[in-house]
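Novice: Each chain, letter by letter, is given below.
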Amino acid sequence: MSRKIALSAVAVATLLSLAACGGADDEDSSGGTVTLRYALWDEVQKPPIEQSIREFEKAHPAIKVQIELNNWNDYWSKLQTQLAGRSAPDVFWDHVSYFPKFSKEGVLTDLAPLIAQDKVDTSIYDSKLAEGWKVDGKVYGLPKDWDTIGLFYSTKALKDAGLTPADLDGLTWNPDDGGTFVKTLQKLTVDENGKHPDEAGFDPKKVKQYGLAMQAPTGQQDWWNFALQNGCALQDKPWGRWTVDQPACVQAIQFVQDLRLKYHVAVPATVTNPPNGPSLDQVVGRGEAATAMDGSWMLRAFDTALPNGGFGVADLPAGPAGKGSVYNGLTEAVYAGTKHPKEAWELLKWLTSERHQKAVAQAGAVWPGITSLNDVFADAWKAKGVDVTGFKKAAEGTTMGYPLTEAADVYNVKALDIFNQVWLGQLSPQDAAQKITTEANAAIK
Amino acid sequence: MKRVALYLALLAGAVVSVAPYLMTLNSAFKEPAQVLTTPAWEPAFPLTFDNFAQVWSEYDMAGFLLHSLVYAGAVTAGQVVFSTMAAYAFGRMSFPGRDALFWGYLATMMVPQIVTLVPLFLIMREFGLIDTYLGLILPTAFGTPYGIFLVRQYFRTIPRDLESAARIDGAGTLTVLVRVLLPLSRPILATLATITFITTWNTLLWPLIVTNGDATRVVTLGISALKGQYSSQYHLILAAAALALLPLIVIFLLFQRHIVRSIALTGLK
Amino acid sequence: MIDNIPYDRPVPGHRRAERRLAARVRTVAEAYALLAPSLAGFLLFLVAPIFGVAALSLFDWNLMGAPSFVGLDNYRELAADPEVWRAVLNTIYYVVLNIPAQTVLALLLALALNRRMRGGKALRVVFVLPWMAMPVALGIIWSWVFDPRYGVVNQVLGMVGIDGPNWLTDPAWAMPVIASVNVWQYTGYTMLILLAGLQAIPHTLYEAAAIDGTTPVQRFFTITLPLLRPSLFFVLVTNTIGSFQIFDTVFVMTQGGPGGATDVLNFHIYQQGFQLFRSGYASALAMVLFALILLVTAAQFLYFRKRTVYDFS
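Protein chains in written order, with the working numbering: chain A, -9 to 435; chain B, 16 to 284; chain C, 108 to 420.
Isolated chain A, as found in the complex (with noise of 0.2 Å):
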């Protein structure tokens, strides 16, 4: 009796391993099979993008495509573990923040040979998302999309204060007083007893609906579109140092702490402070806020929580220093360590192809990186009666980039938690943006 225990102990764990190392080598190919592994992180995008997949695949029967899906904060993580350990997916998105990093540590493939064996067209991408990604000579990847910030308002909340959509246009803000977008929010912030916060007898703990809802990880959707607003460059040049404590830039901070604190008219950061703050889409649908301030990539989660003409977008207000937005594309790349080149490559190619990016665009899931086809995003939209053609305007004046520079990691990691602070009222503008100076500029060799 006991015997048999043992011996079927002994034997569970001899089939148990056999059956690890055989889930573990499936990955690999069978059967003349190559399967591929495509790492994202937007889930909003991931379904056109899987349905266009499905395409290539029956045009290359022996390869197969797994999408690896990781939101953002575990993506970066996730993917240079992978990178470490040797086993990173074989095509990924890849980020400006990330890319000094990944070029300089040669986990890349450099694109330019395969560029020129195949004879692809680049001149068809948009020349300020490629250029980006060339390091002497060398092209670590080819444009996926491009985004830049808006402001999403819900139709009905702007009609419930009595405001159109024209009211949000040509909207300015101080660092002094607000100017007349703070003016606007505050119309658009209301309290139980339906007071507004430049009312007497307004109750700040009691609030029943925000003018604004902001919510970034990095800066990207909030402060850094004001900074630039406001003359500020987070970067003294390229490569360079980052400038987060100049004086332009703690203002911009500053008006977005003010925002929150001082105007009581965004969303308490004890809301929407990441990671467990809601996304933005779910505030204004759930109507805890009026308005967001969030990217062109958010385009169909708006869409899904406030449907059929439920939002709008409007451009972001202009400061001090004019209008801008802050402007990122992504490119798609391939691993140098993937044991399938040439079919990574088949996939990169059809991922930048006109056809891929078309579908997606067709989709509205993003502003595709291939130029001509920005109309076809716009008129997606347009059928949808959302007018999208702010986003490009915005694209086409004033606008920045992240930040170019080794130390973008580090960056990304300590803004979210100084950041978090400020937005909290526990740490003052003035010292956070010297606390991420300091901090990002030491981790710069």
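Just so you know, the hints here were simulated from the structure itself, not pulled from any lab data. Honestly, I wouldn't trust all of these hints.
Said to hold, decoys possible - Listed next, with one range per pair, are the computed distances between beta-carbon atoms:
id, chain 1, residue 1, chain 2, residue 2, range
1, B, Pro198, C, Pro309, 43 to 51 Å
2, A, Pro103, B, Ala115, 33 to 41 Å
3, B, Ala24, C, Thr321, 20 to 28 Å
4, B, Asp65, A, Thr154, 35 to 43 Å
5, C, Leu196, A, Pro37, 42 to 50 Å
6, C, Leu151, A, Ala52, 35 to 43 Å
7, A, Glu47, C, Gly178, 32 to 40 Å
8, A, Lys94, B, Asp65, 14 to 22 Å
9, C, Leu215, A, Gly299, 53 to 61 Å
10, A, Gly415, C, Ala208, 25 to 33 Å
11, B, Gly143, A, Gly127, 51 to 59 Å
12, A, Trp62, B, Met16, 55 to 63 Å
13, B, Asp65, C, Phe176, 41 to 49 Å
Stated by the list, open to error - Covered stretches of chain B (in silico footprint by chain C; criterion: 3 or more residues with CB under 8 Å from a CB of chain C, positions within the stretch not fixed):
id, region
14, 24 to 38
15, 50 to 62
16, 104 to 113
17, 118 to 129
18, 217 to 227
19, 267 to 275
What the hints assert, rightly or not - Selected chain B positions facing chain A (in silico; Cβ < 7 Å):
id, residue
20, Arg140
21, Glu141
22, Ile145
23, Ala205
24, Gln244
25, Ser247
Bear in mind that the values here come from a model prediction, so they are computed numbers and not experimental data. Beta carbons are placed, not taken as given, at the ideal position from N, Cα and C, and that holds for glycine.
Could you slot chains B and C onto chain A? The hints should help.
Specialist: Just chains B and C, lined up with the frame of chain A:
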């Protein structure tokens, strides 16, 4: 009167102990909107299995659970076999270096898991085992100091006469271990297996580091990723949490006698 | 093999010694054969990494490029790093919130259950039920229970007219909420160990003391507490070591936030190692955590040994 108060207090404690489980299960059966609009204690009506269906197939809960089963099953089998072997050597045989080695094992029981994390990751990288089941399983499959200690202590309570009698009959070491000691040690082996399974099933840190792909994603990683992705869509993440807890509750109810006794036992040593 | 030496011949004295030696060699070989798998695992996956982490702490390395030797720089840096001190204090705060509450509650429960009573066994099982729960799942459940708007806690508080706080995004409340997960999970487990300790105390002691006219409270302090000391020691040491390693719930519920309020040592090490990829610095931090745990354990050990000796002398 005093007795009533005592019972009431204990009952309140019991309610607190099970309420989170019950409320989670209850809410997982509610419609998405109901999860947000009705109190957690209000029974789910109408019952819906949609949340479970959605996390099961769309978010691959089925896969997560299977990966965890392989992981926890393999570690448990390995631990029971190898801990028993080592415990026999430590508890019943004499050989040079035994005591020093045993103390060495015991001393490492205090080492926090996070201390060995980076070097372990590098070892697995050298073996090419990142993102594989073997990479997940190996560090704990050969027995832990705790498991060896547990079984060794138990072996020492078994009278030596039984063993000597078998030896005189010509039984070798392996025979003695399998025929004489194991039948008497079934309770402690069941306990070790249960505790190992539960601990491994619940582990987050090592899988978080050594596996990053979907092919080996275990349930702890799966549900924490779901939480990151759908932080406020409680109908989904509660259903996922309920599915992750369910196997444990079943195992617990099956082996509760062993567990309750073993906890009391470890405290006495 | 050696076994096959024929027995029918008279064996000279030195042959007998030789045979004994052979048998001894065989036992040792067998012992090491039995130990081999666990020893291999022990050396490769536990001992080697411990030396490895000590060595790594002297390097600066992002795990991708080439490591560079920096001597004690990592230790110098961490001594002056306010975030490290914050993490140490946060960890201690967590332990302080956690251990006393859990131990006192467990002791009260154990005292209540230490009698013959209807349903006592079932109650014990119910109290231990939380112990085996997955901390990650608990993190999810607790985030929901403490959700400011949709959570049970604020709904109940609202019924009695209290406006509950935003638990997990309020720096003052986040840590107590995380500690409450652990208290909920381990009180039953701790109770069981203490209950076993209580049941080992001979009844005659209480009877004798009762005859002497002592009150129950006096008996608790003169008999129960001193005799329960070994169990209490075990519980405090293991629970404290466990609490110093809090990670899962922080990872799931707050990621160290809000504003670093729950950035405990284990999470900080993880963040340095696997979000910022400063593996040398993370290794140095791990050494500090290790030292801290050794220190606390030693202190508890000395304290209890002194007291125990005092009481029994």
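Novice: All the hints need checking, so say for each whether the structure fits it.
Specialist: Hint by hint, here is what the structure shows:
no.: 1; hint: B/Pro198 / C/Pro309: 43 to 51 Å; verdict: violated, 33 Å
no.: 2; hint: A/Pro103 / B/Ala115: 33 to 41 Å; verdict: violated, 59 Å
no.: 3; hint: B/Ala24 / C/Thr321: 20 to 28 Å; verdict: holds, 24 Å
no.: 4; hint: B/Asp65 / A/Thr154: 35 to 43 Å; verdict: holds, 40 Å
no.: 5; hint: C/Leu196 / A/Pro37: 42 to 50 Å; verdict: holds, 46 Å
no.: 6; hint: C/Leu151 / A/Ala52: 35 to 43 Å; verdict: holds, 39 Å
no.: 7; hint: A/Glu47 / C/Gly178: 32 to 40 Å; verdict: violated, 53 Å
no.: 8; hint: A/Lys94 / B/Asp65: 14 to 22 Å; verdict: violated, 48 Å
no.: 9; hint: C/Leu215 / A/Gly299: 53 to 61 Å; verdict: holds, 60 Å
no.: 10; hint: A/Gly415 / C/Ala208: 25 to 33 Å; verdict: holds, 30 Å
no.: 11; hint: B/Gly143 / A/Gly127: 51 to 59 Å; verdict: violated, 33 Å
no.: 12; hint: A/Trp62 / B/Met16: 55 to 63 Å; verdict: holds, 59 Å
no.: 13; hint: B/Asp65 / C/Phe176: 41 to 49 Å; verdict: violated, 58 Å
no.: 14; hint: 24 to 38; verdict: holds (count 10)
no.: 15; hint: 50 to 62; verdict: holds (count 5)
no.: 16; hint: 104 to 113; verdict: holds (count 7)
no.: 17; hint: 118 to 129; verdict: holds (count 8)
no.: 18; hint: 217 to 227; verdict: holds (count 5)
no.: 19; hint: 267 to 275; verdict: holds (count 4)
no.: 20; hint: Arg140; verdict: holds, 5 Å
no.: 21; hint: Glu141; verdict: violated, 10 Å
no.: 22; hint: Ile145; verdict: holds, 4 Å
no.: 23; hint: Ala205; verdict: violated, 10 Å
no.: 24; hint: Gln244; verdict: holds, 5 Å
no.: 25; hint: Ser247; verdict: holds, 4 Å
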